[in-house]
Amino acid sequence: MAEISVQHIDKIYDNNVQAVFDFNLDVKDGELIVLVGPSGCGKSTTLRMIAGLEDISAGKLLLDGKDITKTPAKDRDMAMVFQSYALYGHMTIYENMAFSLTLRKENPNVIHKKVLAAAEILGLTSQLNKKPSQLSGGQRQRVAMGRSIVRNPKVFLFDEPLSNLDAKLRGATRREILLLHKRLGATMLYVTHDQTEALTLADRIVCMSMGHVQQVGTPLELYDSPANIFVASFIGLPPMNFFDVKVNGKELVGDGFKVPLSDEEADVIKNYQGKEITLGVRPEDVVDNGDIKLRVVMNENLGMNTLVHGHIGSADTAALKLTAKLRGWAEYKNGDTVGVSFGRKHFFDKETTNAIRKGAK
Amino acid sequence: MNREEEKLIQRDRMRFTKNSLSSTLVYIAILFDVFFFVSIYKSDVGSWYYNILIGASILYNLIFMLASFLASEGIKNYKFSFSIVLFVLGAIQICRIFIYPMMAHSATVDLQGEAVTVMGDGQFFRCVIYLVCSAACLIASAVIGAIRSRTLAAHMATITEKAA
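Those sequence lines, one after another, are chains A and B. The number in my numbering is simply the position in the first sequence, starting from 1, with 72 added. The number in my numbering is simply the position in the second sequence, starting from 1, with 12 added.
By construction, these hints were calculated from the structure, which means they are not laboratory data. Keep in mind that the hints are not guaranteed to be accurate.
As the list claims (entries may be wrong) - Heads up, simulated SDA-like pairs for lysine to any residue below, C-alpha to C-alpha not over 20 Å straight-line:
#1 LYS54/B to LYS30/B
#2 LYS185/A to HIS167/B
#3 LYS185/A to ASN14/B
What the hints assert, rightly or not - Partner residues are not named here, just some residues of chain A that face chain B (Cβ under 10 Å, in silico):
#4 TYR160
#5 THR164
#6 ILE165
#7 GLU167
#8 LEU188
#9 ASN201
#10 LEU241
What the hints assert, rightly or not - Residues from chain B that keep clear of chain A, each with C-beta distances beyond 12 Å, as calculated:
#11 ILE21
#12 PHE28
#13 THR29
#14 LYS30
#15 ILE42
#16 ILE111
#17 ALA127
#18 THR170
From the three backbone atoms N, C-alpha and C, an ideal C-beta is built for every residue, glycine too.
The shape of chain A in the complex, shown without the other chains (with noise of 0.2 Å):
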């Protein structure tokens, strides 16, 4: 059993600069938490504060109930795997993946076993007599997660393992951690800038930006219903479009455009009236079938889809950027006119940028 309570965690450095503010998560024995926001919004000094590599400023950090916000790195029991693999270039994997056991002085055989055990569920047990140098950069992970699974460690830490990937190899690595992760069944904590690894691993994700936590949920919740413009605008590929619109009572007015929409979504909105909110719209909910002209100016055929890029309203607003996700194969020109609707729409306070949900005011 591995639970983990992260309470009101602030880091502080020596030179005042406040990296992350009161943090809060439980995580679940089991759990695959990943820790998602844009480069310098805290989420690696979290996890290097949770694997006892910083200090903790304020807070406090439990383990199974017991506070460890003190604990030496080496006392917490837990294993952390970098970006950049940490590897011994002069030993063997075998000797790589047996080092950290042999320097807790381990039965020798005890640890033959365990080596052999992690390297078998990795796929590694051919590259044992290798040196790193040897093996590629998706294998050289798998080393360093083998390294990891063989201190049998209560949490396991993963700062940006994939970073260092070409895109093939690292899908092909991320499968393989999740199909780690059921198998192990461990506690684990995943540091990623790439929304794609964070929806596809994750049992719940916490969004960051700024030091402060944005969101957390599962992928869904924060795919379906973001909580602000900030996890909107991070989660999903491309991003979802905003727009400053007015309420007039069962529709939306743009500068040059208009929506009009659901009982339900006027319900949502109803408090809004007569005032200024910002819509959001996925570019896979705009439908090409519609009274809203947008006007092409590129066309991204992706195979299954095509991402029509262009502007909507009135021909003097270029800042109304429109990306549209329509199916199928489609060639639009620079200058052609589609006429497009939305589907499910996003509502925000324009000046708390936080989503507006049923009975907001």
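Starting from the known structure of chain A, arrange chain B on it as the hints suggest.
Chain B only, in chain A's frame:
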């Protein structure tokens, strides 16, 4: 883990670990040879005959160190043939006792009417001890290497058999 299983794992470990005991013993043998190498200089009494013997010994030392080092790399990887090489090198170290230190021991040379001892008792015993230690390390390394390489070969044959 029972005794039988432990033995099996011990054998299996050899697939991924080096025979560092044997190679370390070879390095120690080289070290003792260096001590011997340094010790014989004291016998440079200016006699051409002993100078030639020292020169020959130095030349052999260089060959010995190179051969031992290469053999240590081979034995590290459980190669049986290098056990034979090390055994031969060890035997030569023993034979050397009867060549240079023995011939020079208590011998005197007449230098300008003065009788000079080529190698005294102390120096002689030191040289003998260094050579004996060097030979012992080499032979021990060869024996351990031979046993381990045979064990590993048998273990690999079992694995191959099982896989087939």
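Evaluation of the provided hints:
Between LYS54/B and LYS30/B, the direct Cα distance comes to roughly 39 Å. Violation of the 20 Å bound is thereby established for this hinted pair. Of the supplied pair hints, the one linking LYS185/A and HIS167/B holds, its CA atoms being roughly 16 Å apart against a limit of 20 Å. Restraint check for LYS185/A and ASN14/B: the C-alpha separation of about 14 Å stays at or below 20 Å, so the hint holds. Taking 10 Å as the C-beta cut-off, the interface hint given for TYR160/A is violated, the closest approach to chain B being about 15 Å.
A cut of 10 Å between beta carbons decides the hint on THR164/A: the least distance to chain B is about 7 Å, and the hint holds. Hint on ILE165/A holds. Least Cβ distance to chain B is approximately 9 Å, under the 10 Å limit. For GLU167/A, the shortest C-beta to C-beta distance to chain B is roughly 8 Å, which falls under 10 Å, so the interface hint holds. The beta carbon of LEU188/A comes within 8 Å of a beta carbon in chain B, closer than 10 Å, and the hint placing it at the interface holds.
Look at ASN201/A: its Cβ gets to within about 6 Å of chain B, closer than 10 Å, so that hint holds up. Using the Cβ-Cβ criterion of 10 Å, the hint placing LEU241/A at the interface with chain B is not satisfied: the shortest such distance is roughly 26 Å. Residue placement check: ILE21/B does not keep its beta carbon more than 12 Å from all beta carbons of chain A (closest about 4 Å). Its closest Cβ contact with chain A, about 4 Å, brings PHE28/B to no more than 12 Å, contrary to its assignment away from the interface.
Here THR29/B does not stay apart from chain A, with its beta-carbon only about 7 Å from theirs, under the 12 Å limit. Consistency note on LYS30/B: stated as away from chain A, yet its beta-carbon is not over 12 Å from all of that chain's, at 9 Å minimum. Distance check for ILE42/B against chain A: the nearest CB is about 22 Å away, which clears 12 Å, and the non-interface claim stands. Annotated as non-interface, ILE111/B keeps its C-beta farther than 12 Å from every C-beta of chain A; the closest such distance is 40 Å.
For ALA127/B, the condition that its CB be more than 12 Å from all CB atoms of chain A holds, with the nearest at approximately 57 Å. Chain A leaves THR170/B outside its interface by the beta-carbon criterion, the shortest separation being 16 Å against a cut-off of 12 Å.
Figure legend: structure checked against the earlier numbered hints; hints not met, in rising order: 1, 4, 10, 11, 12, 13 and 14.
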